[in-house]
Structure formats: C-alpha cells, structure tokens
Amino acid sequence: LYCQEIRQANVLVFYGKTNPDKIRDYKYVILESEQFNRLDIKLMKESNELVLGYISMGEVAPARYYYTDLKDKTLGKNEIWDSYYLNPADSTTRSILMNLVDRIKEKGFNGLFLDTVDAYGPWGPTKDKVDDFISLLQEIKQKYPDFHLMQNSGVPLVSKSKDYINSVALESVVTDYNFDKSTYNLRTSRGFEERVKELKEMKSAYNMPVVLIEYADTKRLYNRVKQRLIPLKWDYFIGNIDLAEIPKFK
Numbered sequence: 007l008y009c010q011e012i013r014q015a016n017v018l019v020f021y022g023k024t025n026p027d028k029i030r031d032y033k034y035v036i037l038e039s040e041q042f043n044r045l046d047i048k049l050m051k052e053s054n055e056l057v058l059g060y061i062s063m064g065e066v067a068p069a070r071y072y073y074t075d076l077k078d079k080t081l082g083k084n085e086i087w088d089s090y091y092l093n094p095a096d097s098t099t100r101s102i103l104m105n106l107v108d109r110i111k112e113k114g115f116n117g118l119f120l121d122t123v124d125a126y127g128p129w130g131p132t133k134d135k136v137d138d139f140i141s142l143l144q145e146i147k148q149k150y151p152d153f154h155l156m157q158n159s160g161v162p163l164v165s166k167s168k169d170y171i172n173s174v175a176l177e178s179v180v181t182d183y184n185f186d187k188s189t190y191n192l193r194t195s196r197g198f199e200e201r202v203k204e205l206k207e208m209k210s211a212y213n214m215p216v217v218l219i220e221y222a223d224t225k226r227l228y229n230r231v232k233q234r235l236i237p238l239k240w241d242y243f244i245g246n247i248d249l250a251e252i253p254k255f256k
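Residue numbers (this note's numbering): 7 to 256.
Keep in mind that the hints are not guaranteed to be accurate.
Cβ-Cβ distance ranges computed for the label pairs, FRET-style [said to hold, decoys possible]:
{"hint": "1", "residue 1": "Asp-75", "residue 2": "Asp-248", "range": "23 to 33 Å"}
{"hint": "2", "residue 1": "Arg-109", "residue 2": "Arg-230", "range": "34 to 44 Å"}
{"hint": "3", "residue 1": "Lys-28", "residue 2": "Arg-109", "range": "33 to 43 Å"}
{"hint": "4", "residue 1": "Asn-184", "residue 2": "Ser-141", "range": "11 to 21 Å"}
{"hint": "5", "residue 1": "Asp-152", "residue 2": "Ser-188", "range": "13 to 23 Å"}
{"hint": "6", "residue 1": "Ser-188", "residue 2": "Lys-149", "range": "37 to 47 Å"}
{"hint": "7", "residue 1": "Gln-233", "residue 2": "Thr-189", "range": "11 to 21 Å"}
With a straight-line cut-off of 25 Å between C-alpha atoms, the simulated SDA-like cross-links for lysine to any residue are [stated by the list, open to error]:
{"hint": "8", "residue 1": "Lys-209", "residue 2": "Lys-83"}
{"hint": "9", "residue 1": "Lys-168", "residue 2": "Asp-138"}
{"hint": "10", "residue 1": "Lys-33", "residue 2": "Asp-138"}
Read the hints as simulated data drawn from the structure, not as lab findings.
Everything numeric in this text was worked out from a predicted model, so none of it was measured.
Every residue, glycine too, gets a C-beta built ideally from N, C-alpha and C.
With the sequences and hints as input, model every part of the structure.
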C-alpha cells in the first residue's frame, strides 16, 4: 500500500510562483503559465514528465490581461468566480485564445490544462456553443499535434472531444468544498460513487487517462481523502482550494 500511495500521489496543480527547483518528480505539473518563463519551464521539464499550462476555455476573469479585448464578446457572468462566459463562435474570442495557446507553446510547455470546459456541458450556461468549442479544440490539436491536452471537467463532452484530448481531470470527486461557507468536506458516499461510476464508464469507453483534483485543509481530511482515492488507482492531487501554494499537510 505504501508503494502504491507514492506512485499515485504524482500530480501538482499550482497557480502561484516558486523556485522551479522545488517542483520535481511529478507525472503532471499544472501551472499558471504567466508565472514562469522559458528557463523555468525548461528546468521543470527536466525534473517532471509533463508540464501543462493553464488556459480557461469557457470563462474569462477580469484579472486576465486579455479581458478588456473580450468583455464585450462574453455571454453572461459566473457570480461564484466573478468571471464571464466566453463565446467560442466569436472570431475575436477564438483569435485571442489561440494567441494565448501560442504564448504557452513558445514558453516550452508540454501541453494545456483546459479549464472551465463544463460551461459547454449539458447543464452549462453556454451548452449551445459546444460544437464551436470542439472545433476550437480541433484547431489547437491541428496546429500543435504533439501538445498534451488535459480536459478538466465536462465528462459528458468526452464523446465529442476524445479525438483532440489526451486525458481528463475532474475536481471534487471525493471532496465537496462549500463556497458559501468556505468549508472543506468529504462528499457523501452516494455522490462519490456516482462520480466514480461516470468516470469509469468514460475511461472504459474511450481509454482516457483520469486525474482527480481534490481539496483539503487539514492532515486528517487529507488522509481520509487518500483512503478513498488509492483503491481507484488514478493519478491525483490534494491541495488547498486556492491552489496558490505547493501542498504541505503536517
């Protein structure tokens, strides 16, 4: 069990800034690309298998440098995250996103972590734009065929995106962070089992690698999360909800 645990705790999701020497021996490293330069990425690629740059495909936050160019093209607001839904059918939006992909590629990243994809899912606010999103994925993959594309969430969309992505991540399968109360919790057994079933069916149908991203704030909760994760034999990350620090549970 000890060896199995070490093998699987091999994902880092980190949107802060640190010395790249501190990031070592991960299978997947997911970073905020604007925090690091080409040399940083080169060093991290030497010490980790895959280094992926974050990109939000379904929303844009006001803090993003390209927000002012997109704000009049958006399709509504996500009140929880204070961000705005993107329109992948809009030519300006597509051009800006492709320019961002180019920037990430030029820094030397191995690929992309595609966030906010669930905006285009069956219950998403921009579900009518799903085909435009898929065509954007196709455009990225055609331009950079060796890029590893990890789709975060949007599991029901994998039937459409499967030819353009390399792995699927899902947040909060085991945990259930309460945004209203800012509290960390375990998901109910029923909720956990439903999410695992959905992922197993997806993995079986498309042979797609799975990555789980979970949230904890104490060593006790961290250990309870691991107890549920390890039998699944999927790669996983456990950290703080803001993803601003490299996790250290003591």
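Exercise. If you draw a straight line from the CA of Lys-209 to the CA of Lys-83, is it 25 Å or shorter?
Worked result: violated, 32 Å
Exercise. Is the hinted pair Lys-168 and Asp-138 satisfied, with a Cα-Cα distance of at most 25 Å?
Worked result: holds, 15 Å
Problem set entry | CB-CB spacing for Arg-109 and Lys-28 relative to the 33 to 43 Å hint | violated, 24 Å
For this session: Kindly confirm whether 11 to 21 Å is satisfied by the beta carbon distance between Gln-233 and Thr-189.
Result: Hint holds: Cβ distance 20 Å, inside 11 to 21 Å.
Exercise. If you check the beta carbons of Asn-184 and Ser-141, does the distance land in 11 to 21 Å?
Worked result: violated, 36 Å
Problem set entry | Cβ separation of Asp-152 and Ser-188, checked against the hinted range 13 to 23 Å | This hint is violated: roughly 40 Å between Cβ atoms.
Exercise. Does the alpha-carbon distance linking Lys-33 and Asp-138 stay inside the 25 Å limit?
Worked result: Not OK: Lys-33 and Asp-138 at ~31 Å, beyond 25 Å, violated.
For this session: Go ahead and decide if the range 23 to 33 Å is satisfied by the Cβ distance of Asp-75 to Asp-248.
Result: For Asp-248 against Asp-75, whose Cβ atoms are near 26 Å apart, the range 23 to 33 Å holds.
Exercise. Could one say that the CB atoms of Ser-188 and Lys-149 fall in the range 37 to 47 Å?
Worked result: For Ser-188 and Lys-149 the Cβ distance comes to about 40 Å; the hint holds.
Problem set entry | Cβ distance range 34 to 44 Å for Arg-109 and Arg-230, holds or violated | 39 Å Cβ-Cβ, so the 34 to 44 Å window holds.
The earlier numbered hints that this structure contradicts are 3, 4, 5, 8, 10.
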